[in-house]
Amino acid sequence: MPSNRTGGLVARGLATVGLVAILGGCAHRVLSPELHPAGEVPVTPVDLHVLKVHMESGELYVLDSWHVDDEGDRLEGHGVLYAIGREELSRGPVSIDMREVALFETNRPETVREGGSGLLAFMTTVTGAVSVYCLANPKSCFGSCPTFYVEGGDPDHPAAEGFSASFARALESRDVDALPGARIASGRVVLTMRNEALETHAIRRVRLLVAPRAPGARVLAGVEGLFYPAWPAAPARACRAPEGDCLGAIAAPGGAERYSTADPRDLATREAVEVDFAPARGQLGLALSARQTLLSTHLFYRTLGYFGSRAGEHLATLERGGPPRAARATGMARLLGGIAAEVAEAGGEWRPIGTFQEAGPIASDVQVLPFEGRGHGPLRVRLRMAKGLWRLDHVGLVSLGDPVEPRAVLPRAVERGLRPDHRALDLLRREDAHLVTVPGDAYRLVFEVPEGEVELFLESEGYYYEWMREEWLAEEDAAMASLVLSNPAEALRRMAGPFKRHEPEMEHAFWASRYRR
Amino acid sequence: MRHPAQDAIATAGSCPWPRHPAAGRFGPQRLVAAVVAFLMVTACASTPKVQIVGRTVTVEPDGPGRKVKGELLAVGPERLWVRGPEDVTEISLPTVREVSVKRHSWDAHRAGMWSLIGGLGTGVALTAACGAAEADNCGAVGLVTLGAWALLGLLAAPFMESSSRNELSRPTAEELRPFARFPQGWPEGVTPGDLTRPE
Numbered sequence: 001m002p003s004n005r006t007g008g009l010v011a012r013g014l015a016t017v018g019l020v021a022i023l024g025g026c027a028h029r030v031l032s033p034e035l036h037p038a039g040e041v042p043v044t045p046v047d048l049h050v051l052k053v054h055m056e057s058g059e060l061y062v063l064d065s066w067h068v069d070d071e072g073d074r075l076e077g078h079g080v081l082y083a084i085g086r087e088e089l090s091r092g093p094v095s096i097d098m099r100e101v102a103l104f105e106t107n108r109p110e111t112v113r114e115g116g117s118g119l120l121a122f123m124t125t126v127t128g129a130v131s132v133y134c135l136a137n138p139k140s141c142f143g144s145c146p147t148f149y150v151e152g153g154d155p156d157h158p159a160a161e162g163f164s165a166s167f168a169r170a171l172e173s174r175d176v177d178a179l180p181g182a183r184i185a186s187g188r189v190v191l192t193m194r195n196e197a198l199e200t201h202a203i204r205r206v207r208l209l210v211a212p213r214a215p216g217a218r219v220l221a222g223v224e225g226l227f228y229p230a231w232p233a234a235p236a237r238a239c240r241a242p243e244g245d246c247l248g249a250i251a252a253p254g255g256a257e258r259y260s261t262a263d264p265r266d267l268a269t270r271e272a273v274e275v276d277f278a279p280a281r282g283q284l285g286l287a288l289s290a291r292q293t294l295l296s297t298h299l300f301y302r303t304l305g306y307f308g309s310r311a312g313e314h315l316a317t318l319e320r321g322g323p324p325r326a327a328r329a330t331g332m333a334r335l336l337g338g339i340a341a342e343v344a345e346a347g348g349e350w351r352p353i354g355t356f357q358e359a360g361p362i363a364s365d366v367q368v369l370p371f372e373g374r375g376h377g378p379l380r381v382r383l384r385m386a387k388g389l390w391r392l393d394h395v396g397l398v399s400l401g402d403p404v405e406p407r408a409v410l411p412r413a414v415e416r417g418l419r420p421d422h423r424a425l426d427l428l429r430r431e432d433a434h435l436v437t438v439p440g441d442a443y444r445l446v447f448e449v450p451e452g453e454v455e456l457f458l459e460s461e462g463y464y465y466e467w468m469r470e471e472w473l474a475e476e477d478a479a480m481a482s483l484v485l486s487n488p489a490e491a492l493r494r495m496a497g498p499f500k501r502h503e504p505e506m507e508h509a510f511w512a513s514r515y516r517r
Numbered sequence: 001m002r003h004p005a006q007d008a009i010a011t012a013g014s015c016p017w018p019r020h021p022a023a024g025r026f027g028p029q030r031l032v033a034a035v036v037a038f039l040m041v042t043a044c045a046s047t048p049k050v051q052i053v054g055r056t057v058t059v060e061p062d063g064p065g066r067k068v069k070g071e072l073l074a075v076g077p078e079r080l081w082v083r084g085p086e087d088v089t090e091i092s093l094p095t096v097r098e099v100s101v102k103r104h105s106w107d108a109h110r111a112g113m114w115s116l117i118g119g120l121g122t123g124v125a126l127t128a129a130c131g132a133a134e135a136d137n138c139g140a141v142g143l144v145t146l147g148a149w150a151l152l153g154l155l156a157a158p159f160m161e162s163s164s165r166n167e168l169s170r171p172t173a174e175e176l177r178p179f180a181r182f183p184q185g186w187p188e189g190v191t192p193g194d195l196t197r198p199e
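Chains as they are written, first to last, in the numbering used here: chain Z, 1 to 517; chain F, 1 to 199.
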């Protein structure tokens, strides 16, 4: 999972800081004094360029420069004179009678190493950095929208995000996400559904879709709602992006991701990535695994900020107006769009085969775009997308079988706080009601699934309401709010500058600071 | 069946990324980097300064006598003088079993204070951040943070205490002299009583 990789990078970075701090970065510098008889003026300073001159009277000179005069009976230099009580008496040029000197003292700096202060320095660095970031971005540390975790999988990263695009009831939608990491154990699959954000979630339905799988095959979800058995057809032979070769990033799932940065003048600016495959014919599919960058979420929250104190009013208007009104409110998203795919064989013309669309930056989703391969020559794929909006994990060519019908499995049991929650179970199994959750809620959903060769998908349906934050009110800008609705293209141009200022750090900062209860 | 409008907003609404209240002013990563750099520099890389007074020592006598802690003023062939908060103590050198000379100030006490301040500071900060984003259980965030700091402080303290001192067993006058305020011995006309008042 891409987030694992990023999280791994962050973890390695913190481990490196810790190691440096413990092994050497936090060594103490101490001074080791050395005494010299009065007749032996240390001409060459010993590391530290300071000479202490102890006088017979008990007074002390601390000199930062010195030399013996030509006659050899006076020490000239510059420094500070202290009394026996070590009060400062004078500062500046000095001329010391050598006969009154008791002895000289130099101090050699030394390094004392120990692990304790390294541990504290590491803790200070890590918790200090996390605290500062979390104070600035509470939500990125303490929550994210409807999330699903696979029991037995990575507890720190959700396997899927539910209906992330449905930020109002008028936009209630069904969302299907592949669960490649889910395993059937003792005939059960267990998911934990969390509300980790300042949001109210209304969940109409959560089901597992269990698709039969032939040996050696995968089952991939198509964008039109069908599920296809898929076999590898041909690996990518070349990948060309504006920045150069991208084959290493997209050749295999789970490796590096290919992404770009947004255009500094217009966030809707497009770019194209071309991938070459060997000739292939028959019922083929372009398998795409991708997630969004944080561009879309940045725009969403910035827009809420523009509406500020009137956000609730606008949301209510959107609800009353239904999907047509919602469409008007989401013009920027239309302009950004998904990943539009085209194919061409040999020197033939490009033909569109569909658009990959998946909301959310947390978990990559895999979708397949079916098309007919004619085998006329090398197959070229062109992916057109908004610059800086997508992280491509994998682009592959697969052979598709006839669509299969997955079996929908409702939760068999729902637990909350280790206790059965029959009401929640009833609400999730019915289709005419919603289970409403608030921040901090977590439900353990148990599905009974027979062991066998199957592919699992999560189907969730519902909507959510974002809670307004006080700090967003400071961003209220009626003119920009109006522009977002009336002229989204211009809004995307004006919002490019503010986004670009944060773009480099968003992804890493997000995963670096995430905090899970 | 997805409504076209739902497809249209599919790229607009994804929750996890917050609207940064300081967007447009400074980036969190830069801020974090600055804080990290500051903490590393201030916590670790302090430059030593030459002391104008004697080193702090703890003198442990043979037998049941009490330990004496304070500034080492002077060392004679058979005696040493330590200036405590109230007065100057004269100690017979042959009766001294061990003298511990302070090398740096990052001792167990400071480790404890640092852990307490760090635990409270980051615990409160994280609890506040949690409270801004969640409805409940934020107290646990603060407690866990404080607990982690306490545990690390307990682990670190013995190491730091040990490295903060240079322990000299049955030291000679020559070994101790470099750490005294008057390594040359008592100046003529100066008595311990001249140095008893706070400076």
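Everything labelled a hint here was simulated from the structure, so no lab data went into it. Glycine included, every Cβ here is placed at the ideal spot set by N, Cα and C. Among the hints, a few may not be true.
Unchecked claim - One-sided excerpt, in silico: chain F residues whose CB lies under 7 Å from chain Z:
1. M113
2. W114
3. F159
4. P183
Each hint tested on the structure:
About 11 Å separates the beta-carbon of M113/F from the nearest beta-carbon of chain Z, more than 7 Å, and the hint is not met. At its closest, the beta carbon of W114/F sits 6 Å from a beta carbon of chain Z; the interface hint therefore holds under the 7 Å criterion. Of the supplied interface hints, the one on F159/F holds, with its beta-carbon coming within about 3 Å of a beta-carbon of chain Z, less than 7 Å. Taken as an interface hint, P183/F checks out: its beta carbon lies about 6 Å from the nearest beta carbon of chain Z, inside 7 Å.
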